[in-house]
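Based on the hints, put chains H and Z in the right spot on chain D.
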Amino acid sequence: MPMEPCIEIHNLHFVYPDGRQALWDVSLRIQPGEKVALVGPNGAGKSTLLLHLNGILKGDGRVRVMGQQVAEPHLARIRAQVGLVFQDPDDQLFSPTVFDDVAFGPIYAGLPEEEVQRRVAWSLDQVGLGEYAERISHHLSLGEKKRAAIATVLSMRPDILALDEPTAGLDPRARRRLIELLEALPQTMVAATHDLRLVAEVFSRTVVLDEGRVVADGRTEELLADEDLLEAHGLE
Amino acid sequence: MLLSTVNPSPSPMHIPDGFLSLGVSLVCWVLAAVGVGVALWRSREALGERQVPLMGVLAAFIFAAQMLNFTVAGGTSGHLIGGALAAILLGPWAGILTMTTVVAIQALLFQDGGLLVMGANVLNMGILATLVGYGVYRGVMAVARGRRWGIFVGGFAAAWGAVVIASVACAVQLAFSGTSPLGVALPAMAGVHVLIGVGEGLITVGALAFVAAARRDLLEPAGAATGGVRWAVLGLVLALAVTLLAPLASPHPDGLERVAEDQGFIETARDAPYEIIPDYVLPGVPNEALATIAAGLVGTLIVAGVAFAVARLRRQSTS
Amino acid sequence: MHIHALDAYHHRTSLIHRLDGRVKLVLALFFIVSTALTPDGAWPAYVLLAALALGVGVASQVGVGFIQRRAVVALPFALAAVTVVFSTPGRPLLTARVLGWQLALTDAGLIRFFSIVLKSWLSVQVAVVLTASTSFPTLLQAMRSLRLPRVLVAIAGFTYRYIFVIGDEALRLMRARAARSSAPDGEGGASVFWRARVTGQMAGSLFLRSIERSERIYDAMLARGYDGEVRSLRPPVLLARDVLAALPLVLVLVAIQVLARVPW
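Chains as they are written, first to last, in our numbering: chain D, 3 to 238; chain H, 8 to 326; chain Z, 42 to 305.
Please keep in mind that the hints were generated in silico from the structure rather than gathered at the bench. Keep in mind it's a predicted model, so treat the numbers as computed, not measured. Treat the hints with caution; some may be incorrect.
With a straight-line Cα cutoff of 25 angstroms, these simulated SDA-like cross-link-like pairs (lysine to any residue) come out [said to hold, decoys possible]:
#1 D:K60 / H:V201
#2 D:K60 / H:G55
#3 D:K60 / Z:G269
#4 D:K60 / H:E56
#5 D:K60 / D:Q71
#6 D:K60 / D:G145
#7 D:K60 / H:R57
#8 D:K60 / D:D27
#9 D:K60 / Z:I252
#10 D:K60 / H:L29
#11 D:K60 / Z:E256
#12 D:K37 / D:P114
#13 D:K60 / Z:L263
This is chain D alone, in the form it adopts within the complex (with noise of 0.2 angstroms):
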């Protein structure tokens, strides 16, 4: 029986203000559970699609997230469902201390504060970061950091998870154990990465965006064994 799909993208174009067009009539369907790569070179795209999944960017075409238009009124509810990490934590850590980038979004929702402070401990658990509640964010390490970040939307009990480089600039150690934590996590997942071993590991389908365009979009095993296709599309 066909579920209706969490992430519905028709037709989708976006065009920066400064006139670079960044994506060309992007279609994509992403069912509830399923874990989606999206791959290509630098400037493909990705970023910006991302973007589009919570409204932060608004193009031309249709977009749905869990059977809502991502536009007002439901702008609100959408960005807690689609709990979206970027690629530089530094970026989305930005209170003082752990416990209050995690509380963030809580408490912009309007919880009641004893839940905020049981999603808080919680999100840090389930990241590993249990004790890391007081400490100031600029002292953790990268690997930490991009697991806090995770915490972060974490908190607000996402059902799609929307990651940009999640493994990008981590030592093995730390990579290791972010796959581990994205292998645990049960929320549909999109993520934009280089990272093809990691793809290979986690995510079960695989869409190659070129120059805003997709290009491919099937298993993974088929994709990464098309040696011709990733040779043009600049992976390897």
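For chains H and Z alone, coordinates are given in the frame of chain D:
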């Protein structure tokens, strides 16, 4: 080497606790609160929701920019204070908030400036420097009618003027508190900062050149489109107001008079100060107060005059 | 490399560290105001205040040497007060002719000068202990409780958070400059103007990066539901025991002020 670079040396303008009387401190707190309150209100209109992260990050930028130094000669180095740059890049109100935050954190984290006297430091470096800098910049830009050189001449004059006026205000506060007589504080403060202002001006121009080349759009800050001449007038008025306060501070108020009364030396009081205050004032002007006003006015007008003179010359050569 | 040198907070478990941040902030301000009110030349009062400052410093366990090193910061400004020695009317102790002027060093002048220096030294010690024993986020909360505008406190929070990030970027720029110069610290070769221009360019580049970062941060805030209002959780309850701990200190400070005004 890096560690000394990292800990910014205290500027000769951050007043520590103990140097201003309680009365002066409180008056400055009130003035600062008014200034910051207006800035909060006006910047909210201009920037809306973006206000908080933008101001915060840019205050951090000012901190970091203050670490960038360069050697002037031998052991001395020049570095940026940032008031005029903040005003030009962010507009006057956002500039005030940013510089206020910088001054507050300098006091809290580095004890660069006291806690009780923070009102005075915020007033000098956060509000006066920003407004005077902005006024000078807009004034020059109005004369330049938007041509490129206006940015650089305006930026230099703004930065220099901001630093000098802030130092004058500082001297006035010291004099009102009875910590240092105006005849010494003013030339010392203003003299040093006339030089420091040059370095500030140079770095400000360098930064503006870079921004103008990379993202010219950022030099038209929100809510600043109109009223260039009005801003210039405001900046000039503030600068003059500060210098005109100076003579009021010189006949040594409260603290010293009380000491004189207690010790029964009222007679000597009348003579002593005049013996030692150096004759920096204009020759041939007998009355000390008048001379102070004149000196201050001359200084302020030089800033405005040079800026406008250069503007005039450029206009003639390009038309 | 991290700029940990900018971290003023030294973590300990002393009584001072455990005292509520709001109480500490108010006490520190009370101390500084008391010092400002202390009359010139009331030496017994200054001695008591110094003892109090020293006691608090020792109790905080951050190290008296550390406190004094930080306190030295205020010293250069003492030069601004030196002139008071000559300009305060009083009984001349020393006279000299310097460059045609008659300089008279008076007793009242010396009293005033030392009073100013003492006030400054005492105040800054207490400020150092406050900062070293209270984490900045706690200080921010204390300021919120004292009714400082929430927007300003929020801005200060961002500033604190990003000083380290942007500071790191600035250090990288400076190291790159050092690596390319024949002499470190921006010295050597070329004129002052060129050096200032390069510094200005670094500042400009840092500025643009900061603007772009602030735009990404704003997006990250939006993504988590930011609506323009500054919100936070209720601060922890102010315990009676913290207020009670502060009371004796307040009483001592008031007593010192009374003492200072009794004619000896």
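How the hints compare with the structure:
1. D:K60 / H:V201: Not OK: K60 of chain D and V201 of chain H at ~51 angstroms, beyond 25 angstroms, violated.
2. D:K60 / H:G55: Judged against 25 angstroms, a Cα distance of about 20 angstroms means the pair holds.
3. D:K60 / Z:G269: holds (20 angstroms)
4. D:K60 / H:E56: holds (19 angstroms)
5. D:K60 / D:Q71: holds (11 angstroms)
6. D:K60 / D:G145: The given pair, whose Cα atoms are some 31 angstroms apart, is violated under the 25 angstroms limit.
7. D:K60 / H:R57: holds (18 angstroms)
8. D:K60 / D:D27: Distance ~14 angstroms between K60 of chain D and D27 of chain D Cα, so the pair holds.
9. D:K60 / Z:I252: holds (22 angstroms)
10. D:K60 / H:L29: Distance of about 56 angstroms is beyond 25 angstroms: violated.
11. D:K60 / Z:E256: Roughly 16 angstroms separates the two Cα atoms, so the pair holds.
12. D:K37 / D:P114: violated (32 angstroms)
13. D:K60 / Z:L263: Roughly 14 angstroms between the alpha carbons, so the hint for K60 of chain D and L263 of chain Z holds.
In summary, the numbered hints that this structure violates are 1, 6, 10, 12.
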